[in-house]
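Asks: Model the full assembly from the supplied sequences, consistent with the hints where possible.
1 is the number of the first residue of the sequence shown in our numbering; add one for each residue after it.
Certain hints may be false.
Okay, derived cross-link-like pairs now, SDA-like style, lysine to any residue, Cα gap no bigger than 20 Å in a straight line [to be verified]: (1) K106 with E321; (2) K106 with T73; (3) K211 with H158; (4) K106 with T346; (5) K211 with P159; (6) K106 with L345; (7) K106 with G85; (8) K106 with T347; (9) K106 with A83; (10) K211 with P152.
To be clear, the hints were calculated from the coordinates, so they are not data collected in a lab.
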Amino acid sequence: MRVGVVGAGNISAQYSRSLARLPQLQVTAVCDLQADRAAELAAQHEGARVLDLPGLLAADDVDAVLVLTLPATHADVALAALAAGKHVYVEKPLAASVAEGREVLKAAAGAGLRVGCAPDTVLGTGVQTARAAVDAGRIGTPHSATAFMTTPGHERWHPDPEFYYRPGGGPLLDMGPYYLTSLVHLLGPVARVVGASTRPSATRTIGSGPKAGSSFDVTVDSTITGILEHASGALSTLIMSFDIWAARLPRIEVHGTTGSLSVPDPNHFSGAVELYTASAADDGWVDIGATAGYVDSGRGYGLADMALAIAGDRPHRAGDELGLHVLEIMEAVQQAADTHAAVELTTTCDRPAAVEGTVDLTADLTEH
Numbered sequence: 001m002r003v004g005v006v007g008a009g010n011i012s013a014q015y016s017r018s019l020a021r022l023p024q025l026q027v028t029a030v031c032d033l034q035a036d037r038a039a040e041l042a043a044q045h046e047g048a049r050v051l052d053l054p055g056l057l058a059a060d061d062v063d064a065v066l067v068l069t070l071p072a073t074h075a076d077v078a079l080a081a082l083a084a085g086k087h088v089y090v091e092k093p094l095a096a097s098v099a100e101g102r103e104v105l106k107a108a109a110g111a112g113l114r115v116g117c118a119p120d121t122v123l124g125t126g127v128q129t130a131r132a133a134v135d136a137g138r139i140g141t142p143h144s145a146t147a148f149m150t151t152p153g154h155e156r157w158h159p160d161p162e163f164y165y166r167p168g169g170g171p172l173l174d175m176g177p178y179y180l181t182s183l184v185h186l187l188g189p190v191a192r193v194v195g196a197s198t199r200p201s202a203t204r205t206i207g208s209g210p211k212a213g214s215s216f217d218v219t220v221d222s223t224i225t226g227i228l229e230h231a232s233g234a235l236s237t238l239i240m241s242f243d244i245w246a247a248r249l250p251r252i253e254v255h256g257t258t259g260s261l262s263v264p265d266p267n268h269f270s271g272a273v274e275l276y277t278a279s280a281a282d283d284g285w286v287d288i289g290a291t292a293g294y295v296d297s298g299r300g301y302g303l304a305d306m307a308l309a310i311a312g313d314r315p316h317r318a319g320d321e322l323g324l325h326v327l328e329i330m331e332a333v334q335q336a337a338d339t340h341a342a343v344e345l346t347t348t349c350d351r352p353a354a355v356e357g358t359v360d361l362t363a364d365l366t367e368h
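Replies: Printed below as a string of structure tokens:
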């Protein structure tokens, strides 16, 4: 699949490394508001050209558009690409609102085109190995999970962190997609949520780059908690925070009637999956090793999976309905926090197909 990349900011370097080694994908064009950044990214892919957005969307050698712009522009760029007859893969979140996300899905369905959405970290060996264990019944019937993202905030390292603390930002919209997408893979879609949030600090100080030492206002809540009731009846507890200096909380744990699973950081593609079972309690937590998922994967593997899915006429795993559902979960948790009332979700999705066994997409072009 020939790919045009729109947006050459910080995250593009991670995508570029994957796209350069995935035989399913070829970068043919790059667009960015800063021409020097676009040129730097294009130089990493033989034959790739720097184009403006209209030129990229009109290019005959672009089959799919990879959208790596700021979240507020995701829907606009995706809609323009779909109108131009291109498939779309969007960095998370799918859009800035559920309403915008619905427009994207409607346009894709009308055009007969695919829309994919990050995160694709869930396709790596970490979450996929955990899912394989859940699906095999190794913890019995899953009934609950916990998911914690705790950090003192991105302004310590990011040279332009203001957007993390403005509408469209915050810890839930920024990091929530990794955790919520993992929970949907593990426990299925969510039906109902409750939530609460707070904003301990009114300002933040930038810690790196040319603006180091300058302060800016925080206009969104920076700690948010939620309880998710899955359609299966399982419950998940969520904490997302930019206000916690240190914690010993696990990233994700899933608990069942006969055991528990410790799941690695869903912002990474791999990591140890540990199993505790009642029948082998004396063994404690046991690392079960990688048994499923795309090995040595990175950002962009969801797009490669989409290319294979188009060729094989099957649903892609980092799909648009999943992305919209995760976006609505985040909106619903914030709405519940604002109104102090439970919120019923209006979207749902199927659990994406599991990656069966461990698969190296850099060497294996067959369907999975």
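Asks: All hints are to be evaluated individually against the structure, with a verdict given for each.
Replies: Going down the list of hints, with the structure as the test:
Taken as a hint, the K106 and E321 pair is honoured in the structure, with Cα atoms around 11 Å apart against an allowance of 20 Å. Simply put, K106 and T73 have alpha-carbon atoms about 17 Å apart, close enough for the 20 Å limit, and the pair holds. Between K211 and H158 the alpha-carbon distance is near 10 Å, which keeps this suggested pair within the 20 Å criterion. With a C-alpha separation of about 16 Å, the suggested pairing of K106 with T346 holds against the 20 Å cut-off.
At most 20 Å may separate the alpha-carbon atoms for a hinted pair to count; K211 and P159 meet this at roughly 7 Å. For the hint pairing K106 with L345, the CA-to-CA distance comes to about 19 Å; that is within 20 Å, so the pair holds. A hinted pair counts as satisfied when its Cα atoms are at most 20 Å apart, and K106 with G85 qualifies at roughly 14 Å. Under the criterion of a C-alpha separation no larger than 20 Å, the hint pairing K106 with T347 is consistent with the structure, at around 14 Å.
Annotation: proposed proximity of K106 to A83 holds, straight-line Cα distance about 12 Å (limit 20 Å). Using a Cα cut-off of 20 Å, the hinted pair K211 and P152 holds, with the two alpha carbons roughly 19 Å apart.
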